[in-house]
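Protein chains in written order, with numbering that gives the first Met the number 0: chain L, 0 to 656; chain P, 0 to 142; chain E, 0 to 282; chain X, 0 to 317.
Just so you know, the hints here were simulated from the structure itself, not pulled from any lab data. From a predicted model like this one, the values you see are computed outputs, not experimental measurements. Cβ coordinates follow ideal geometry from the N, Cα and C atoms, glycine included. Please note that a few of the clues may not be correct.
Below are the EDC-like pairs computed for lysine to aspartate or glutamate, each with C-alpha atoms no more than 16 Å apart in a straight line [claimed, not checked]:
#: 1; chain 1: L; residue 1: Lys612; chain 2: X; residue 2: Asp207
#: 2; chain 1: X; residue 1: Lys33; chain 2: X; residue 2: Glu181
#: 3; chain 1: P; residue 1: Lys90; chain 2: X; residue 2: Asp293
#: 4; chain 1: P; residue 1: Lys30; chain 2: L; residue 2: Glu112
#: 5; chain 1: L; residue 1: Lys467; chain 2: E; residue 2: Asp163
#: 6; chain 1: P; residue 1: Lys90; chain 2: X; residue 2: Asp297
#: 7; chain 1: L; residue 1: Lys345; chain 2: E; residue 2: Asp157
#: 8; chain 1: L; residue 1: Lys474; chain 2: E; residue 2: Asp183
#: 9; chain 1: P; residue 1: Lys30; chain 2: L; residue 2: Glu109
Residues of chain X clear of chain L, computed beta-carbon distances all greater than 12 Å [said to hold, decoys possible]:
#: 10; residue: Thr1
#: 11; residue: Leu30
#: 12; residue: Trp39
#: 13; residue: Lys84
#: 14; residue: Lys136
#: 15; residue: Gly138
#: 16; residue: Asn147
#: 17; residue: Gly232
#: 18; residue: Arg256
#: 19; residue: Thr284
#: 20; residue: Asp286
#: 21; residue: Gly300
Pair by pair, the computed Cβ-Cβ distance ranges are [as the list claims (entries may be wrong)]:
#: 22; chain 1: L; residue 1: Pro554; chain 2: E; residue 2: Phe128; range: 51 to 61 Å
#: 23; chain 1: P; residue 1: Pro131; chain 2: X; residue 2: Met43; range: 44 to 54 Å
#: 24; chain 1: X; residue 1: Val215; chain 2: L; residue 2: Lys530; range: 51 to 61 Å
#: 25; chain 1: L; residue 1: Ala558; chain 2: X; residue 2: Asp207; range: 47 to 57 Å
#: 26; chain 1: E; residue 1: Ser168; chain 2: P; residue 2: Pro131; range: 55 to 65 Å
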Amino acid sequence: MSSTPKRVGVFVCHCGLNIAGTVNVDEVVDRAKKQKGVVFAIDHKYLCSEPGQTLVRDSIKQQHLDAVVVAACSPAMHESTFKNVVQSAGLNRYNCEIANIREQGSWVHEDHERATKKSHIAVRQAIEKVNLNEALQPIMVPVTRRVLVVGGGIAGIRAALDVANAGYEVYLVEKSGTIGGRMAQLSETFPTLDCSTCILGPLMVEAYRHPNIKLFRLSKVEDVKGYIGNFKVTISQEPAYVDVAKCNACGECAKVCPAEVPNEFDMGLTWRKAIYTPFAQAVPPAYVLDSKNCLGLLPQACGECKKACDKFGTSCINLDAWPQKHELEVGAIIAATGYELYDATKLTEYGYGTNPDIMTSLEFERMLSASGPTSGEIRCPSDGRVPKEVVFIQCAGQREPETGLPYCSKICCMYTARHAMMFHHKVPDGQAFIFYMDIRAGGKGYEEFVKRCQEEKGLLYLRGRVAKVYDENGKLIVRGVDTLSGKTVEIKADIVVLAVGMIPSADSHELASKLKASLDMYGFFAEAHPKLRPLESPTAGIYLAGAGHAPKDIPDTVAQASGAASKALDLLSSPTLEREPTVAKVTGELCSGCGICIPLCPYTALSLSPITKVAEVSAALCEGCGTCIASCPSGALTLRNLTDEQILAMVEAIVAS
Amino acid sequence: MTTEFEPKIVGFLCRWCSYAGADLAGTNRLKYPSNISSIRVNCSGRIDPTLVMKALALGADGVLIAGCHPGDCHYTNGNIKTLRRFKLLQKMLDQFGIERERVRLEWISAAEGDRYAQVVRNMTEQVRSLGPLNWQRKMEVTA
Amino acid sequence: MQSYLYFPGCTLRATARDFDASAKATAHALGCELKEMEGWLCCGAVFSNVNDNIMTKAGPNRILSRAQRESSTLTTLCAGCYNVLKRTAFHATHTLTPQQAINTFNEEQFTGGVEVLHFLEVLRDRIGFDAVEKAVKAPLNGLQVGAYYGCLLLRPSDEMSLDDPNRPSIMEDLLARLGCTPIDYPARTQCCGSYLSVNSAEPSEALARDIVQSARKSGAKVLAVSCPLCKYNLEIGLNTADSIPIIYFTQRLGRALGVDPQQLQLGEDQLQRIREAQKIEAM
Amino acid sequence: MTKQKLAFNWASSCGGCEIAIFELGTGLVELTNKAEIVFWPAIMDYKYQDLEAMPDGNIDVAFMNGAIQNSENEHIAKLLRAKSKILVAFGACAYTGGIPALANTTSRDEIFANSYKETPTTVNPEKIIPETKVQAKEGELTIPEFYNTVKTLDQVVDVDYYVPGCPPVGEQVSKVITQLTEGPLPPKGSVIGASDRSLCYDCKRVRDERKIGKIVRTYQTIPDPQKCMLEQGIICMGPATRGGCGSPCLDANMPCRGCYGPLPKAIDQGAKMLSALSSIFDAQTEDDIQKIADGVADPIGTFYRFSMGRSLMRRTKR
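Just chain L, same shape as in the assembly (with noise of 0.2 Å):
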């Protein structure tokens, strides 16, 4: 606390009319003024622009002040921009406070009047607050100058390159056998309709190859501890049971396995043994045993693919194989963990599920691939006939708050338009119906693309939705509607291919609560700033690339995956980097050294001195949340910047006014 007080001053942004529109800027300015220790008060039209932030820092100096006051947008917006403004003034940055009359001010409340006033009560607590605040210099810590990528898709495959490129070492972690994702699923990609593994199978080598990147498959991660710059990552990795370097993927182990399971790569339209290559072109090139389908490990129940191996093989298989624990420590991670489809079953009206010949767009997918299960060519899975009459369903459960997915998954305008194209190719005397809502095309390229296939004879888009897809005596009927006639329509249909939805992948809302980072209302990575800050988490050191933070196509993965790479990279690229200073503190004259403090804090940054008895802080290690401070029961523990005299002087100044 300063002894003599502060010159406060303080600035009122009218941000165009987004504040002055609803608060009286000039009361604000005036009721400040009176406030004790303000010795300056003005209003600006943009105070984060350049000529704003000049009078700011002029001010400082022609007016002598002490300390400043912004009443402007939230703090979550322009603090830091105002504390350099104040820093390079040279003042403390600690000497600036942001009143929040925007987003919990003129945005919120109609009443002119008392936007006004409670603006007012605003820049009061910011006075209160920064004529409290002690000049604080930030906390330099060092950074550990590796990356963490989670997800072997292209997003990850991508951001991992970048980074390994710069020449920093990154591990990469992948939950499958293989890297390579949704995209080494898919046939085509539009709107250039180039071969999806062709130009995927070079980067996964690539990255699997690479001597700065680690591949961890068959991986997740199993523990985060730490810090922006200064993570410790346990991974637990599931045993491959099958020796790399060794093995030659001859396929004699596969032979002999007896256990069948559905082939995921295939979306369960083929089976696959319990020990397999997950497709041709998956890294490393060798065989996987899933130990979750295998007959038995533990005790070993079978062990023919051993003996196949040893006998015919590399003998490189080994079933008394561990599962592993790896400590990694890194300073930056970058979350690509991808998206799942919908579950179709949930959208009864389609009725997927009762009959084989109702597929979601990725099994189709498999069909139109070269590698799937029809090597490319189009029969109904029911009984392997050449559909004639195929109907796609797009928005297919989604953009529909009754299913839970209110949002555009932005893809399948484009994959359907693509499908259809594709289907058409291959059987030319076949009709694709197409059911839309509205063509949503946006892309390079797109528009064009999507005209051409509308144009293309042998498919017919029709505007509207699908009310039921039913059974009548082994035919499928699809029963829409086309609102550009005005008629409700009847399709027989061989096939039906549901466009639903992307969701975010399973399992990574387990491992958003690992990295401490906050997910949007759908469980989607939440961003730092929608506008601004697109490829951070809000948590400080995680960065977003692909599908995993909202539904996108594979341009903008790839280009969001290098965003967040030179991202991470931007963080590497200085030894040190600097913490907060707003930290607790001990006063050590006033703490009995009770120890109630010590196992609230979650980064164990308070000890007890064995010398002094009381408790200590490591200011390295301590967050500032302050819930030690709040259970400190002789009130020796504080949190710099943000006392209890603080929060108390803020707390009056909110009901005295």
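Assemble chains P, E and X onto chain L, guided by the hints.
For chains P, E and X alone, kept in the frame of chain L given last:
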């Protein structure tokens, strides 16, 4: 009373979830009564019952403590520690005769701008119908 | 004897006495009773989606506030009444309606303390289909019955929550227990035209024809319904050639339980038509 | 040298603080060599007139114990203030309200109803309750007015020093008297005769892990004399209470009840203790937390046993 009573509500909002949620309410231009003024703290775990009681003693008619949903705390489980304190505090405030509607603990995530607005509307109305708390005067009453 | 507070509704006291009678008889045969509630009145017939329209809400709320005094549940038969009452209770408990205003107007308090049940729910969740099956005396060997739901029983699904609005099974499950062969046909959840038939017959007749044809195509010989209005719409305006015998599920149930047709108010003509339709001595 | 003039008086209290002075024993005799006791109704027949007769500032140090619960208490407090150079709030009641201030959880009417009507032993057929004035054949009789809210001494007059304790322990009393009679004087408003750290600092009991799975009341168990009371689930006010008492209660295997009052930086002793205690509840879910919290039978009576008068809320809403 000639003019309607306008309660004074002090809001302690955690920086990562609830304050961000309150900001989101603003970004979405949701409207709620201006009776609440917020104080941004890093974590709801910072809130010492002393601060709540002092606020009431100083003349606040209601106090809202808002933090992240359990499991989502930016500091692992600061909100759980708040919940522990709050449960016992609530029991004691009952003894003091302070209605539960006046002191509330709510979980509001950064995505729940609408929820924040709703909570504030609802709480303001409840406190308004309870009338002023006026603790200062109650303490002075001797005769 | 287990007793369920019961709301008959106007139609069951007029054109659909057989529904009322057969339900009471079958309930009795299953060892419980439908106890008619004190001072019931018209449910309002249509649930108004305008929530601040207190007038349309007053009636059903009054019914429920009275039921509340007698029991924690209220059992209904008519799909229309069921829809109105269940939604009224739902809106009250979820305070979607200005409950305070309604109660003040009614001078009767309804606070949501009544669970509105359809007799089908009673059979499924309270008595249990197993118990029903045990009580079957005259199994209807393989009689092909199509269950017709219409819309009011099932929609809006989040408020009615009786069964899946797209693929319901509660009636089929019951019929199967009685020895029938339930017929699944696409139109069983389609709208019957409801009050359209009052002012313009054609569209509702068209709808009815669709439904009946769809049922016949799939091999149904008889339709079981749970709504007098549906029954009316499906019967009227179809010439006997493309019509199909339509009875209340309670009558079907009653027969299986060996209740005398008189008690079920199954007219001889009805029985006759069913026999013809079904060429086998199932009834 | 002229002897220092001392005064002792009690307001609303049990008299334990008077006894505490006798703990000086023979020291009392030595005291009278250095100082002259000019007013001490508890041991000698002083009259209020004697006090009123004194010129202002006549007394050097006045020790006032007891809370202010009626108009007489307040009148004498003011009188004593006027007549003394130094006024000391002596003991928990004068300093923080003490046990009498627990009356603030009810009201005058309830107290009267209870004491003069409801208690089984009361015989009061006419249901008479005390009036400040009554007409009798002797004329008008008056008694002091009973207050609805009990106050601390410094809520009615300006106080120079505070001595906590119920009662202040012997050696602290002699220290205080010497300090105030011989100087050097501490800054005005100081709490004297106590430590600035909590009782835990002096506590000899062993601490292991700071958590509480269940609240245990003293009658339900015989505490392990070696282990920290809190860790045995017994509510011990030690962490939130000034040390300096020498922890006699804990030595007698009873938890601290908080008579030495709040710590220097603690705004409210009860709130601080409540926070400290609940913070270490060993529960994660709302229900489990509630279970433990329910174990605290009477929060106010527990956390404010001695400090209600000086608490933030000061009384309940009546």
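Comparing the hints with the structure gives:
| no. | hint | verdict |
| --- | --- | --- |
| 1 | L/Lys612 - X/Asp207 | holds, 14 Å |
| 2 | X/Lys33 - X/Glu181 | holds, 9 Å |
| 3 | P/Lys90 - X/Asp293 | holds, 8 Å |
| 4 | P/Lys30 - L/Glu112 | holds, 15 Å |
| 5 | L/Lys467 - E/Asp163 | holds, 13 Å |
| 6 | P/Lys90 - X/Asp297 | holds, 9 Å |
| 7 | L/Lys345 - E/Asp157 | holds, 14 Å |
| 8 | L/Lys474 - E/Asp183 | holds, 14 Å |
| 9 | P/Lys30 - L/Glu109 | holds, 7 Å |
| 10 | Thr1 | holds, 38 Å |
| 11 | Leu30 | holds, 32 Å |
| 12 | Trp39 | holds, 36 Å |
| 13 | Lys84 | holds, 30 Å |
| 14 | Lys136 | holds, 55 Å |
| 15 | Gly138 | holds, 50 Å |
| 16 | Asn147 | holds, 25 Å |
| 17 | Gly232 | holds, 15 Å |
| 18 | Arg256 | holds, 15 Å |
| 19 | Thr284 | holds, 16 Å |
| 20 | Asp286 | holds, 21 Å |
| 21 | Gly300 | holds, 18 Å |
| 22 | L/Pro554 - E/Phe128: 51 to 61 Å | holds, 55 Å |
| 23 | P/Pro131 - X/Met43: 44 to 54 Å | holds, 51 Å |
| 24 | X/Val215 - L/Lys530: 51 to 61 Å | holds, 56 Å |
| 25 | L/Ala558 - X/Asp207: 47 to 57 Å | holds, 55 Å |
| 26 | E/Ser168 - P/Pro131: 55 to 65 Å | holds, 58 Å |
Of the numbered hints listed earlier, not one is contradicted by the structure.
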